[in-house]
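K.L.:
Here is what each chain is made of, one letter per residue.
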Amino acid sequence: MMAKREYSFYPGCSSQKGASSSNYLVSAQSVCAELGIQLNSIPDWNCCAASIGYAGGGELPRLTLSARNIALSEQHNPGQPIVATCAACWLSTREAAERLKHDAQLNAEAKQALGEAGLTLKNETPIRHMVEVLIEDIGYEELKAKVKKPLTGIKVAGYVGCQTNRPFGIAGESYENPKYLDKLIEVLGAESIPTYEKKVQCCGGALAFSEPEKSQEMIKGIIEAAYDHGADLIVTPCPVCQMNVEVYQDQINTTYGTQFKMPVVYYSTLMAVAYGRNAKDAALGGQVIPAKKLEGIAGK
Amino acid sequence: MGDLNQAMIEKYRTSFLKEVEANVEEGEWVKMCMQCGVCSGSCPLGKFWNHPPQEIFMMIRAGKREEVLTSDAMWMCTSCYNCVVRCPREVPITHIMHGLAHYAKRLGLTPKNQPTAEFAQRFWNNLLKKGRVNELKLGVSLYFMNGIGPGVKTAIKMAPVGIGMQRTQRMSAMELFGGHAIKDLKGFHAIMQKAQELEALRIAQYSVAPRPTA
Chain Z
495 MMAKREYSFY PGCSSQKGAS SSNYLVSAQS VCAELGIQLN SIPDWNCCAA SIGYAGGGEL
555 PRLTLSARNI ALSEQHNPGQ PIVATCAACW LSTREAAERL KHDAQLNAEA KQALGEAGLT
615 LKNETPIRHM VEVLIEDIGY EELKAKVKKP LTGIKVAGYV GCQTNRPFGI AGESYENPKY
675 LDKLIEVLGA ESIPTYEKKV QCCGGALAFS EPEKSQEMIK GIIEAAYDHG ADLIVTPCPV
735 CQMNVEVYQD QINTTYGTQF KMPVVYYSTL MAVAYGRNAK DAALGGQVIP AKKLEGIAGK
Chain G
448 MGDLNQAMIE KYRTSFLKEV EANVEEGEWV KMCMQCGVCS GSCPLGKFWN HPPQEIFMMI
508 RAGKREEVLT SDAMWMCTSC YNCVVRCPRE VPITHIMHGL AHYAKRLGLT PKNQPTAEFA
568 QRFWNNLLKK GRVNELKLGV SLYFMNGIGP GVKTAIKMAP VGIGMQRTQR MSAMELFGGH
628 AIKDLKGFHA IMQKAQELEA LRIAQYSVAP RPTA
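Protein chains in written order, with the working numbering: chain Z, 495 to 794; chain G, 448 to 661.
Just so you know, the hints here were simulated from the structure itself, not pulled from any lab data.
Quick reminder that beta carbons are idealized off the backbone N, C-alpha and C, glycines included.
Please note that a few of the clues may not be correct.
Claimed, not checked - So the derived list for chain G, only partly shown, Cβ under 7 angstroms to chain Z, looks like this:
hint, residue
1, Phe-495
2, Val-531
3, His-549
4, Thr-563
5, Phe-566
6, Leu-574
7, Lys-576
8, Ile-638
As the list claims (entries may be wrong) - Taking lysine-lysine and the DSBU-like style, the derived pairs with C-alpha atoms no more than 35 angstroms apart in a straight line are:
hint, chain 1, residue 1, chain 2, residue 2
9, G, Lys-584, Z, Lys-708
10, G, Lys-478, Z, Lys-616
11, G, Lys-577, Z, Lys-498
12, Z, Lys-511, Z, Lys-642
13, Z, Lys-673, Z, Lys-605
14, G, Lys-465, Z, Lys-595
15, Z, Lys-708, G, Lys-600
16, Z, Lys-605, G, Lys-458
17, Z, Lys-714, G, Lys-604
18, Z, Lys-714, Z, Lys-498
19, G, Lys-576, Z, Lys-605
20, Z, Lys-714, G, Lys-584
21, Z, Lys-511, G, Lys-584
22, G, Lys-478, G, Lys-458
23, G, Lys-478, Z, Lys-605
24, G, Lys-600, Z, Lys-786
25, G, Lys-478, Z, Lys-595
26, Z, Lys-649, G, Lys-604
27, G, Lys-633, Z, Lys-708
28, Z, Lys-787, G, Lys-465
29, Z, Lys-605, G, Lys-584
30, Z, Lys-708, G, Lys-577
31, G, Lys-584, Z, Lys-774
32, Z, Lys-638, Z, Lys-794
33, Z, Lys-643, Z, Lys-787
34, Z, Lys-794, Z, Lys-616
35, G, Lys-584, G, Lys-494
36, Z, Lys-708, G, Lys-511
37, Z, Lys-774, G, Lys-630
38, G, Lys-630, Z, Lys-498
39, Z, Lys-708, Z, Lys-755
40, G, Lys-576, Z, Lys-774
My request is simple: use the sequences and hints to build the entire structure.
P.N.:
See below:
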């Protein structure tokens with residue numbers, strides 16, 4: 495029995511039952527089970543305000559949201575690094591941790607606010623993204639060793655997007671041309687597209703709701719480039735990227751006269767299928783645009 | 448809110464830059480801008496900004512208070528952080544744009560019916576209520592932000608997206624009734640109340656003396 499690696503898990507609002515990336519959580523849990531990763535949820539975690547809470551939420555209230563999560567993690571899961579699957583959760587939490595370390599006044603105020611509920615912030619916990627755990631703690635070699643059903647013959651456009659890539663990114667990767675997703679695709683036996691030029695293009699993020707026309711113009715470019723490269727599907731590490739690029743394809747088709755029907759999956763979906771898990775464990779039922787090729791492999 | 452705006456105008460009559468440095472998130476970085484324009488060229492929605500970031504920074508230094516704070520510009524930020532990682536002087540541009548947007552909102556200067564300002568405010572109100580975002584209530588309230596007529600039109604246009612999300616169990620009608628929440632709501636609300644109080648207090652103090660820079 496392999497020793498379990500334990501992490502303090504911050505799942506985030508969109509991962510909850512009946513929410514937009516609940517399928518990400520299911521597939522990530524399957525992958526973690528295969529790799530001996532134990533996720534201990536932060537009890538009673540709250541929203542991080544993502545990158546759109548700023549109209550109503552000033553700097554201190556927003557930082558305090560993340561401070562509460564870090565404090566709860568340090569109290570209940572001491573010594574365990576926080577790991578988030580959502581790009582925005584990771585970014586907001588890590589940003590808050592760093593800002594509070596560098597601004598004594600904000601730090602003192604956040605601690606005072608937390609005191610209202612008897613919470614204490616040490617702010618000594620590393621804040622990590624699941625991709626970092628996979629690449630840095632597990633490593634490509636072990637990730638490859640677990641493959642039971644190589645994704646042979648599937649061409650995948652690795653769409654990294656923004657917030658898993660900037661401003662922090664994955665150590666050793668460039669902001670303009672990160673390669674970890676392509677490496678992961680290859681490790682799983684699929685074919686990557688290293689020259690996919692839209693790999694770090696913004697999808698509009700939260701503005702897909704408030705500025706749909708402007709965002710859909712960008713999303714169209716992301717999908718079009720994937721088709722131009724002969725991709726069978728797009729893979730991404732971000733819940734907002736996944737949703738934006740997948741669910742507006744009909745509206746884009748109406749606006750631009752395109753005929754897009756490009757599946758957009760999480761890296762964890764690809765991994766769960768390659769690791770031999772069934773369609774349910776890979777959460778393939780969560781695809782608004784079905785990933786037929788993955789269904790085929792998962793059903794074998 | 449109008450009173451706070453007036454107080455700030457009087458306090459910082461001679462320098463909008465000082466007002467921004469004291470009251471806007473990461474505002475102390477504004478003077479570091481060297482006007483290269485890399486941020487403006489890197490912005491995915493750059494063509495829609497009436498004043499791109501580089502221009503906003505110069506306008507702040509030139510004292511164009513009203514033009515900056517009533518601008519639509521910073522509400523175009525998608526938080527992609529392209530500008531932040533490319534800026535040769537490491538100015539945290541994304542945060543300054545968020546900070547300017549928040550400050551304009553606090554002073555009651557946001558353009559009317561600015562969709563992202565509306566959405567961002569609703570997102571905040573939504574998460575404060577239960578400690579977690581209720582995606583369904585947020586989406587529905589957004590459709591109807593311009594009234595019933597446009598709301599019905601948007602809801603009809605969005606219905607196929609909703610049906611797809613519902614079919615794949617990535618949206619639940621049950622969220623309209625209660626929905627996800629944290630357990631210690633009382634403690635959560637006490638924390639957030641205190642954080643908001645402390646921030647308001649600090650900004651009120653700034654209208655007397657500028658924030659000491661670290």
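K.L.:
Now look at each hint and say whether the structure bears it out.
P.N.:
Cross-check of the supplied hints:
1. With its C-beta approaching chain Z no nearer than about 6 angstroms, Phe-495 of chain G sits inside the 7 angstroms limit, and its interface hint holds.
2. Nearest Cβ of chain Z to the Cβ of Val-531 of chain G: about 5 angstroms, under the 7 angstroms cut. The hint holds.
3. For the restraint placing His-549 of chain G at the interface with chain Z, the shortest Cβ-Cβ distance is roughly 5 angstroms, inside the 7 angstroms limit, so the hint holds.
4. A cut of 7 angstroms between beta carbons decides the hint on Thr-563 of chain G: the least distance to chain Z is about 4 angstroms, and the hint holds.
5. Annotation: interface hint on Phe-566 of chain G holds; nearest CB of chain Z at approximately 4 angstroms, less than 7 angstroms.
6. With a cut of 7 angstroms, the hint placing Leu-574 of chain G at the interface with chain Z holds, because the nearest CB-to-CB distance is about 4 angstroms.
7. Against a cut-off of 7 angstroms between C-beta atoms, the interface hint on Lys-576 of chain G is violated, since the closest Cβ of chain Z lies about 10 angstroms away.
8. At a threshold of 7 angstroms, the smallest CB-CB gap from Ile-638 of chain G to chain Z is about 5 angstroms, leaving the interface hint in force.
9. Taking the CA atoms of Lys-584 of chain G and Lys-708 of chain Z, the gap is near 23 angstroms; set against the 35 angstroms cutoff, the hint holds.
10. Distance hint between Lys-478 of chain G and Lys-616 of chain Z is fulfilled; the C-alpha atoms sit about 33 angstroms from each other, no more than 35 angstroms.
11. Using a Cα cut-off of 35 angstroms, the hinted pair Lys-577 of chain G and Lys-498 of chain Z holds, with the two alpha carbons roughly 34 angstroms apart.
12. For a cut-off of 35 angstroms, the pair hint linking Lys-511 of chain Z to Lys-642 of chain Z stands: about 29 angstroms separates their Cα positions.
13. As the CA atoms of Lys-673 of chain Z and Lys-605 of chain Z are separated by approximately 39 angstroms, the hinted pair breaks the 35 angstroms bound.
14. Only pairs whose Cα atoms come within 35 angstroms are accepted, and Lys-465 of chain G paired with Lys-595 of chain Z is accepted, the gap being roughly 24 angstroms.
15. At most 35 angstroms may separate the alpha-carbon atoms for a hinted pair to count; Lys-708 of chain Z and Lys-600 of chain G meet this at roughly 19 angstroms.
16. Under the criterion of a C-alpha separation no larger than 35 angstroms, the hint pairing Lys-605 of chain Z with Lys-458 of chain G is consistent with the structure, at around 30 angstroms.
17. The straight-line distance between the Cα atoms of Lys-714 of chain Z and Lys-604 of chain G is roughly 18 angstroms, inside the 35 angstroms bound, and the hint therefore holds.
18. About 42 angstroms separates the Cα atoms of Lys-714 of chain Z and Lys-498 of chain Z, which puts this hinted pair outside 35 angstroms; it is violated.
19. Our distance criterion of 35 angstroms between C-alpha atoms is met by Lys-576 of chain G and Lys-605 of chain Z, whose separation comes to about 21 angstroms.
20. A distance of roughly 27 angstroms separates the Cα atoms of Lys-714 of chain Z and Lys-584 of chain G; the hinted pair therefore holds under the 35 angstroms criterion.
21. Restraint check: the Cα-Cα separation between Lys-511 of chain Z and Lys-584 of chain G comes to about 15 angstroms, which is no more than 35 angstroms; the hinted pair holds.
22. Restraint check for Lys-478 of chain G and Lys-458 of chain G: the C-alpha separation of about 20 angstroms stays at or below 35 angstroms, so the hint holds.
23. Our distance criterion of 35 angstroms between C-alpha atoms is met by Lys-478 of chain G and Lys-605 of chain Z, whose separation comes to about 30 angstroms.
24. Restraint check: the Cα-Cα separation between Lys-600 of chain G and Lys-786 of chain Z comes to about 33 angstroms, which is no more than 35 angstroms; the hinted pair holds.
25. The hinted pair formed by Lys-478 of chain G and Lys-595 of chain Z meets the criterion: a straight-line CA distance of about 23 angstroms does not exceed 35 angstroms.
26. For the proposed pair Lys-649 of chain Z and Lys-604 of chain G, the alpha carbon gap of about 32 angstroms is at most 35 angstroms, so the pair holds.
27. Of the supplied pair hints, the one linking Lys-633 of chain G and Lys-708 of chain Z is violated, its CA atoms being roughly 40 angstroms apart against a limit of 35 angstroms.
28. Between Lys-787 of chain Z and Lys-465 of chain G the alpha-carbon distance is near 58 angstroms, which puts this suggested pair outside the 35 angstroms criterion.
29. Between the alpha carbons of Lys-605 of chain Z and Lys-584 of chain G the distance comes to roughly 31 angstroms, so the proposed pair stays at or under 35 angstroms and holds.
30. Distance hint between Lys-708 of chain Z and Lys-577 of chain G is fulfilled; the C-alpha atoms sit about 31 angstroms from each other, no more than 35 angstroms.
31. Taking the CA atoms of Lys-584 of chain G and Lys-774 of chain Z, the gap is about 28 angstroms. The hint holds against a cut of 35 angstroms.
32. The straight-line distance between the Cα atoms of Lys-638 of chain Z and Lys-794 of chain Z is roughly 20 angstroms, inside the 35 angstroms bound, and the hint therefore holds.
33. For the hint linking Lys-643 of chain Z to Lys-787 of chain Z, the alpha-carbon distance of about 13 angstroms falls within 35 angstroms, and the restraint holds.
34. About 49 angstroms separates the Cα atoms of Lys-794 of chain Z and Lys-616 of chain Z, which puts this hinted pair outside 35 angstroms; it is violated.
35. Among the hinted pairs, Lys-584 of chain G with Lys-494 of chain G is consistent with the structure: their alpha-carbon atoms are about 32 angstroms apart, no more than 35 angstroms.
36. Taking the CA atoms of Lys-708 of chain Z and Lys-511 of chain G, the gap is about 28 angstroms. The hint holds against a cut of 35 angstroms.
37. About 30 angstroms separates the Cα atoms of Lys-774 of chain Z and Lys-630 of chain G, which keeps this hinted pair within 35 angstroms; it holds.
38. This hinted pair checks out: Lys-630 of chain G and Lys-498 of chain Z have alpha carbons roughly 29 angstroms apart, not beyond 35 angstroms.
39. Among the hinted pairs, Lys-708 of chain Z with Lys-755 of chain Z is consistent with the structure: their alpha-carbon atoms are about 20 angstroms apart, no more than 35 angstroms.
40. Between Lys-576 of chain G and Lys-774 of chain Z the CA atoms are separated by roughly 33 angstroms; this keeps the pair inside 35 angstroms, and the hint holds.
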